[in-house]
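Colleague: Next come the chains, spelled out residue by residue.
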Amino acid sequence: MLFHSIEYFIFLPIMFVLYWFVFNKKVRVQNALLLVGSYYFYGLWDWRFLSLILLSTCSDYLAGILIDKYRENKKKQKIWLWFSVVLNIGLLGFFKYYNFFVDSFVDMFEMLGYTMESTWTLRIILPVGISFYTFQTMSYSLDVYYERIKPSRDFLSFATFVAFFPQLVAGPIERASNLLHQITSKRTYNYEQTVQGLKLILWGLFKKLVIADGIAPMVDDIFLNYETHSASTLILGVTLFSFQVYGDFSGYSDIAIGTSKMFGMELMSNFKFPNFSRNVAEYWQRWHISLSTWFRHYVYIPLGGSRVSKLLSVRNICIIFLVSGFWHGANWTFIFWGGFHALAYIPVFLMGRNTLYKDNVVGENTFFPTLTELGQVLLTFGIVTFSRIFFRSESITDSFQFINRLFTEFHYEPYVHPNGYRLIDYFILLAVFVLYEYRIRKDERNPFKFKSKAVRFIAYTLVIFTMLLFYDSGFDRSFIYFQF
Amino acid sequence: MIKLVKNLVVYSVLILIALEVLVRVFHLYNDMPERYVDSKNINKWIPGQTGYAVYGNRVQNMAEYHINESGYNSYREFKPTEEKFELALIGDSYIEGFHQNYYSSIGKRIEDEFPGIEVYEYGHSANDMADQLYLVYSNRELFDKIDKIIFYIKFENDLNRDEYRHIAHHPRFMMLRKSKLLEYAINIGVMDPVKELMGDIREMAKPKEPRTEKAPLNDKVLEANRIKNFDALVERYGFDVDKSAILLDSRITPTAFIEHLRDLDIDVIDFASTFEESGGSRRTTLIYDKHWNGFGRKLISELISQYIQEDVQAMESK
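Those protein sequence lines, which keep their order, are chains A and B.
All the letters of the first sequence, read from the start, carry residue numbers 24 to 507 under the numbering used here.
All the letters of the second sequence, read from the start, carry residue numbers 6 to 323 under the numbering used here.
If you're looking for bench data, these hints aren't it; they were derived computationally from the structure.
Be aware that one or more of the hints could be misleading.
Said to hold, decoys possible - Within a straight-line C-alpha distance of at most 27 angstroms, the following computed DSS-like cross-link-like pairs (lysine-lysine) qualify:
hint	chain 1	residue 1	chain 2	residue 2
1	B	89	B	303
2	A	474	B	8
3	A	48	B	8
4	A	472	B	8
5	A	474	B	303
6	A	472	B	11
7	B	11	A	48
8	B	8	A	476
9	A	476	B	303
10	B	8	A	209
11	B	8	A	49
As the list claims (entries may be wrong) - Here are a few chain B residues that face chain A, going by a calculated C-beta distance under 7 angstroms:
hint	residue
12	8
13	9
14	20
15	60
16	62
17	193
18	194
19	197
20	202
21	204
22	292
Since the model is a prediction, treat every value here as computed from it, not as a measurement.
C-beta: ideal position from N, C-alpha, C; glycine also.
Please construct the entire structure, taking both the sequences and the accompanying hints into account.
Modeller: Given below as structure tokens:
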């Protein structure tokens, strides 16, 4: 079930009413409703893969209890931790990476002069959300192991934590220390929280339906036919893709956070206006935050983080970016994308500027950014956008040919929208979107912060009107991050 | 909860009203004219209606229409006489021309290129060959005065029946369509998921019947059936070979049918090569639609003018 489908707009109010006004007497009953609703939500994609969620849930629930039980026996404790890690990575590895490894193995032999016929690849469907929920359950076992949390003894709550439908298929990847205790605690209906949730859902829908889906046909057209376009069109394509992927994923996250608020739960922020970052390090503090923090906590810091020598720190940076790239998909393009970001991050790290903008935003005390800030933002946006060539291309060869054309076909050509729409509409739309996001850049969880009711009403109307203006019924409207 | 419901209702109503106003102010909606069924059981537009046909979101295409006394979209009335030279163009939405201003239709272009001629555009959306031949058959007195008739057909769509039967059009949500917001939402596909859901629910509510699957007909059988339908229609309603011609696109028409027309001594105006030489469908059709754009219509009108010219010259030389 997609967040912007009619099914969801029937499912959500029914769940909401049942949750707060029918099954509101006991937390356990509310959790049971959430669990059944979450399994139904997921099962509409493919009910067979519910078994994987159940397997991951049961094994990590058990692992958590046993890790805690063998607190005095480090060896046994480690065995159960490895049980959790291997099982989750194994699920991910089989469903997501098996064919990639087989193909890469065959390619490697071919490069060495041996011809092999690949008969080992399998027809595997990638279960939606597997990268997200395996990481979430794995983080639980790790947190229990490192004694950051107590293991859950309530299977129902734990299963709800794993399958909580707003964030099940594309995050934010929650940590048990934030979400699990909310699930086990008594919730009371809060009007303000619900309204905030609804506002976030509206804003998320706008980002998805207008920004992401509005420009998607152009991006698809340009990347599909990049061999026929000049640099001007390719730059347009990759820049638009930068907005598309942001609108798509942050829109999804906003709807997820907004929906959770309606059920009295606060998920972590996943995006904090990454397009206004002043360097690549700040970008990674603002883009897909739940994944970045996951890698920081469970990979980077255990490897020594930045508390080791510069050389080892650089190695650690390379590792987390390459792993992060690989997490996105079984394709060399994502590994190159991760590698490119590592290369962009390392100079910032070596100059000691990686935590410089951790607690402030561009134009912190003024409305307009300074010229230096503007330059930094544009440069960072340019670097990140360039990296998106790897992210969006079908293969690594396509990526390099795309880049090659950027330099060899460096001239302007007019571009025509594949469906005949006026391009200027999209430029105006993006300009207004960027300006509005700049205005609200300090609070990503409150997109319609207007004191006046009349202004709020105008804002809601304009947002919905724009959705109607840019709605495109002939476009496949799935979320980009579902494929990861 | 009461506060939430109350505020949601108030905001929703106010927003819907505001959106209705915005859709009307920016004329995003399609002013579709209303239909009626004439005494001969033929679908027509109620005469005298004027308005703007709007397609696509953000007014991608906006064209003015004018329904004449005969119930067709045209700048002129259809009053043939023995003295003048009249040409009837009969077809579906391509001839109806809601994608162009009525005063620059194909017929008007032909008239501009060929002074003295009057072109009557009998176009009505979704009309097929049965509709077209029945129209001529049931209005014989009128068409007897018309000097030339050109039928526009698409083989795959227009020859699927061998007899005319009136098909009533029942657009969905008719009452609600008074709302221009809903009209716009339907046109751009926002309501498609609702329609699909309603269809699914209806399907689920139906008692399950054992499915008797028919094997799909292959292309050759379909082609033969369509040619047979054409013959049956000609047999039933007549086809004046001397003053009629068929406009078609040979890129999407089987050679067997074109040869069959030639065997019957029916003139064929084929615009395939003209369109191809002029840059293909990307230049001749609307990008978001399959209908001809201004350039495509220009080519069609030139082709028809040329055909008429040659035909008149041939008649004079006889």
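Colleague: With reference to the structure, classify each hint as holding or not holding.
Modeller: We went through each hint and held it up to the structure:
no., hint, verdict
1, B/89 with B/303, "holds, 24 angstroms"
2, A/474 with B/8, "holds, 19 angstroms"
3, A/48 with B/8, "holds, 21 angstroms"
4, A/472 with B/8, "holds, 20 angstroms"
5, A/474 with B/303, "violated, 56 angstroms"
6, A/472 with B/11, "holds, 21 angstroms"
7, B/11 with A/48, "holds, 24 angstroms"
8, B/8 with A/476, "holds, 15 angstroms"
9, A/476 with B/303, "violated, 53 angstroms"
10, B/8 with A/209, "holds, 22 angstroms"
11, B/8 with A/49, "holds, 24 angstroms"
12, 8, "holds, 6 angstroms"
13, 9, "holds, 6 angstroms"
14, 20, "holds, 5 angstroms"
15, 60, "violated, 11 angstroms"
16, 62, "holds, 6 angstroms"
17, 193, "holds, 5 angstroms"
18, 194, "holds, 3 angstroms"
19, 197, "holds, 6 angstroms"
20, 202, "holds, 6 angstroms"
21, 204, "violated, 12 angstroms"
22, 292, "holds, 3 angstroms"
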